[in-house]
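Each chain is listed here by its residues.
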Amino acid sequence: MQSKSVYKVPDGKLLKIFLDYNEKNDSINNIRITGDFFAYPEKGVEIIEKELEGEIIDKKRLMKKITEVVKKHGIEFIGLNIEGLAEGIVLCKHE
Amino acid sequence: MNEEWRLLKTGFNNAFNNMAVDKAILHANSKGLVPPTVRFYGWKPAAISIGYFQSLMEEVDVEACKKFGVDYVRRITGGGAVFHEHELTYSIVVSEKHPEIPKNIMESYSRVCGALIKGLKHLGIKSDYAPINDIVVNGKKISGNAQTRKMQTVLQHGTILLDVDVDKMFTLLRVPNEKIKDKLIADVKERVTSIKHILGENMSFDVVAEAMKKGFEEEFSIELTEGELTVEEKRLTEEFNKKVFSNKEWNHMR
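So the protein sequences, as listed, match chains D and V. Everything in the first sequence is counted per my numbering, starting at 1 for the first residue and increasing by one. Everything in the second sequence is counted per my numbering, starting at 1 for the first residue and increasing by one.
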């Protein structure tokens, strides 16, 4: 199932997520994280996208997973944060 | 004696060349081939640049751009879509290890924006840094900025609006909801300003560039000496122009 969310991160930028997910078990097939935020290094966002494949769309679980990836790869966001990113993904499910 | 940095005035070029030059300087500086550099440039034809993470088709009306002869290009820096027409664009490239450059990214935005604020002051304009990446005059945006760090080197580029045509901008950018387009345009007109609007007269590109040069010199305690792109930078520019910025795969990546 293809879905999209537009979410203004509190005190941050406008996050637009394109999500393809499995409706049967709410798992992520494919995700594109877009928007006018900053991330250092930029490649970090592609790593997060790849690592989220197969994850279940649940805010707490997503936050845990993203935190792990961010720590492992030393990714820094500006205008975006881990909770905002997880929220944007969860919003895809509700639409 | 202040440290000497290089000043480049590369004139008006198309979007692909402009972005290729910034990336070429970044690479050359990271290899120690060129000194820290401040560059001033403009855009011909007018162009839209989008942030590294933005979706091209989501942000840009590609058909309208073609119709009006406006180029579009994806930047290597994050941030939002910008319509480049009547503006002075700058870039600064310097090692992350330079003592004048804060390790903290937000602090380094604030330092580079400090140079622009000092430059605007030379034009008689009082402005403030508005985190994350804007400069405002009386609360209205006059400058947007974007930074990347690669190979232990900082590249920040940004715009100073000489004039602004919000209506034209919105014929080229896509809006989420056509029904509220008029309201959106009205809002943006309220939130954006330009040197022309503030001073009530046109300021030439060269006059603004001279003021900004002083601003950078004061902020970083440096002396800017005009130079040229090296042979290697020109070669890299050609390469990045062809392989990256005018490449459809790059621009449509997201």
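Quick caveat, the hints were computed from the structure, so don't treat them as lab data. A hint or two may mislead.
As the list claims (entries may be wrong) - Dumping the calculated DSS-like pairs for lysine-lysine here, alpha-carbon to alpha-carbon at most 27 Å:
(1) D:24 to D:71
(2) D:43 to V:44
(3) D:71 to V:97
(4) D:50 to V:243
(5) D:43 to V:248
(6) V:9 to V:150
(7) V:214 to V:121
(8) V:150 to V:67
(9) D:8 to V:168
(10) D:24 to D:93
(11) V:213 to V:140
(12) D:50 to V:248
(13) V:242 to D:43
(14) D:50 to D:65
(15) V:103 to D:72
(16) D:4 to V:181
(17) V:126 to V:189
(18) D:8 to V:189
(19) V:66 to V:213
(20) D:8 to V:141
(21) V:121 to D:8
(22) D:71 to V:103
(23) V:121 to D:4
(24) V:183 to V:67
(25) V:140 to V:66
(26) V:189 to V:66
Hints, verified against the model:
no. : hint           : in the structure
1   : D:24 to D:71   : 31 Å, violated
2   : D:43 to V:44   : 30 Å, violated
3   : D:71 to V:97   : 23 Å, holds
4   : D:50 to V:243  : 25 Å, holds
5   : D:43 to V:248  : 19 Å, holds
6   : V:9 to V:150   : 23 Å, holds
7   : V:214 to V:121 : 10 Å, holds
8   : V:150 to V:67  : 36 Å, violated
9   : D:8 to V:168   : 25 Å, holds
10  : D:24 to D:93   : 12 Å, holds
11  : V:213 to V:140 : 23 Å, holds
12  : D:50 to V:248  : 23 Å, holds
13  : V:242 to D:43  : 21 Å, holds
14  : D:50 to D:65   : 12 Å, holds
15  : V:103 to D:72  : 20 Å, holds
16  : D:4 to V:181   : 21 Å, holds
17  : V:126 to V:189 : 20 Å, holds
18  : D:8 to V:189   : 21 Å, holds
19  : V:66 to V:213  : 35 Å, violated
20  : D:8 to V:141   : 19 Å, holds
21  : V:121 to D:8   : 33 Å, violated
22  : D:71 to V:103  : 18 Å, holds
23  : V:121 to D:4   : 44 Å, violated
24  : V:183 to V:67  : 25 Å, holds
25  : V:140 to V:66  : 30 Å, violated
26  : V:189 to V:66  : 25 Å, holds
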